[in-house]
Amino acid sequence: MLKGVHQNLEAQQTPAFFVRGANAFSRMVFFCALSIVFMAVDARLNYLSHIRQGFIAALHPLEVVANAPSEWYRDIKKYFSVHNELVQENYVLKQQAFEHKVMLQRLSTIKAENVHLRSLLNGDMPLQPNAILGEISHMGRDPFTRIVVVNRGSQHSVKAGQAVVDSKGVIGQVTRVYPFTSEVTLITDKELSIPIQIERNQLRAIAFGGDNNTLDIPYLPTNVDIKVGDKLVTSGIDGVYPAGLAVATVSQILQNPESPFAKIVCTPVAEVTNHLQLLLLALPDAKDTAPIEEKITQEAKVAKDNSKPQTKVQTKPKANINAPH
Amino acid sequence: MRHTNIVSIYFTLLVALLCQLFPWVGQGIIFRPDFVLVAVLYWLLRAPNLCNVGTAWVAGLLVDLATGSLLGQHALSFTITAFIALSYQRRLVLFNTWQLAGYVIALLTIERVLMLLLKLFAGDENPGWHYLWPILTSLILWQMMIVIFGGLTRPRTKQ
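Quick note, the sequences are listed as chains W and A, same order. Going by the working numbering, the first residue of the first sequence is number 25, and it counts up by one from there. Going by the working numbering, the first residue of the second sequence is number 183, and it counts up by one from there.
Wrong hints could be hidden among the right ones.
[What the hints assert, rightly or not] Derived coverage of chain A by chain W (criterion: at least 3 residues anywhere in the stretch with Cβ under 8 Å from a Cβ of chain W; other residues may be distant): (1) 197-205; (2) 265-276; (3) 280-294; (4) 301-308.
[What the hints assert, rightly or not] What the simulated footprint calls covered on chain W by chain A, stretch by stretch (three residues with Cβ under 8 Å from a Cβ of chain A suffice, anywhere in the stretch; the number is not a length): (5) 50-56; (6) 112-120; (7) 182-196; (8) 245-254; (9) 268-282.
None of these hints come from the bench; they were simulated from the model. By construction, the Cβ of each residue, glycine as well, lies at the ideal position given by its N, Cα and C atoms.
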């Protein structure tokens, strides 16, 4: 038995004991140092984004191959979708379209009225943002980050920072753009904050991502006028999200007597898991926003004693939360 | 140790990367095994003359680039895991199937914990216990690798 082992070892051309080159430990130290440098550069500086983009573009064919089976599955499922379901869906859609048409009739008169009133007040015309229709290609490679990947990229003139919405409300923001895809960070991500307004009383605040697919509104005092079921909409003061988009509904208010702030938990209204289509709203142009900011500063001079203008997202606890709208 | 072809190593790594890129929609993604890590560990333990710590680092870097995580995260955790794997590589001949499985579980856990630490340093939130599911699925993948490509030691000669 032992003899057999010996013979087999001899039959190999090069014994593994002596051909390793550098010591494994020194290799490990070298590569660890290299990765730490890479991490530092990637986290703090922006040099590597081009390399990443180039690599993702080079990887695109591989990604297409990897995506192919699920797309075939989806197509086949679509092909075999039952007649009955289609009829039912058609019926529901027709009903919805009818309801929307009725609402649209009112909308056009209201819009005309609004334009008229705004012109009376010398106000700015609200911008109609351009939008790109995208489709979620997958939920990101890492299951523990709140990111979805959309099949529109810099080739379709997507830019980082664009707001992303679905038919129900805001989904999130484009955070990284690749040539053919882009990453959308969901509003439930801890890193993302969104300026909101309570629809009922126009109270302004900032919502942050919370645990388990929720949003938190920190820094609101315990006696704030907010109820379970209140609807949160975007306030539009950051220049990223257009005003008036639905964001979330308040689902829980916890008042801890020891804390000066209430813990307000909200559920986002957008349904990322239920459908694939979403809209990427174009960023407002710099020249369009400039006069608005000017106007705000002018207003601020007039109303200096009451409140300060909120042109940027503020995270300080005492950001003028109860400022009159 | 058996003779292995370097082309098959790189081909397996490419396929593993492809599997990593496979889109997952829904909750199943938390069970996804670490395809690239298992492939790297397998070749590292089977053919350390062709595949070393540097290969693990390059594979980790590719995973970082492909998944969009912080560049160097996977590279660092793969490198350290590969080093630990290699330091006991010569004793694996003596291990039976269960001992080998235990060894692989230990390596996978080390990689998972390292990755978690790096993520927490980078400012991610604590993902909770289901973060450890991929260890189990990776172990299943490991056993599949052994079935497909053969065990780490020589096949027993019939006497």
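Do the hints match the structure? See the list:
With 7 residues having a beta carbon nearer than 8 Å to a beta carbon of chain W, the stretch 197-205 of chain A meets the requirement of three or more and the stated coverage holds. For the stretch 265-276 of chain A, the assignment as covered by chain W holds, since 3 residues bring a beta-carbon within under 8 Å of that chain's beta-carbons and 3 suffice. Requiring three or more residues with a Cβ within less than 8 Å of a Cβ of chain W, the coverage given for the stretch 280-294 of chain A is violated, as only 0 such residues are present. Residues of the stretch 301-308 of chain A lying with their CB closer than 8 Å to a CB of chain W number 5, which satisfies the three-residue condition for coverage.
Three residues within the 8 Å Cβ limit are the bar, and the stretch 50-56 of chain W against chain A gives 4, so the coverage statement holds. For the stretch 112-120 of chain W, the stated coverage by chain A is violated: 0 residues have a C-beta nearer than 8 Å to a C-beta of that chain, whereas at least 3 were required. For a cut-off of 8 Å, the count of residues in the stretch 182-196 of chain W with a CB near a CB of chain A stands at 0, and the three-residue condition is violated. Given a C-beta distance limit of less than 8 Å, the hint that chain A covers the stretch 245-254 of chain W is violated, as 0 residues qualify and 3 are needed.
Note: the stretch 268-282 of chain W has 0 residues with beta-carbon separation from chain A under 8 Å; the three-residue rule is not met and the coverage is violated.
Of the numbered hints listed earlier, those contradicted by the structure are 3, 6, 7, 8 and 9.
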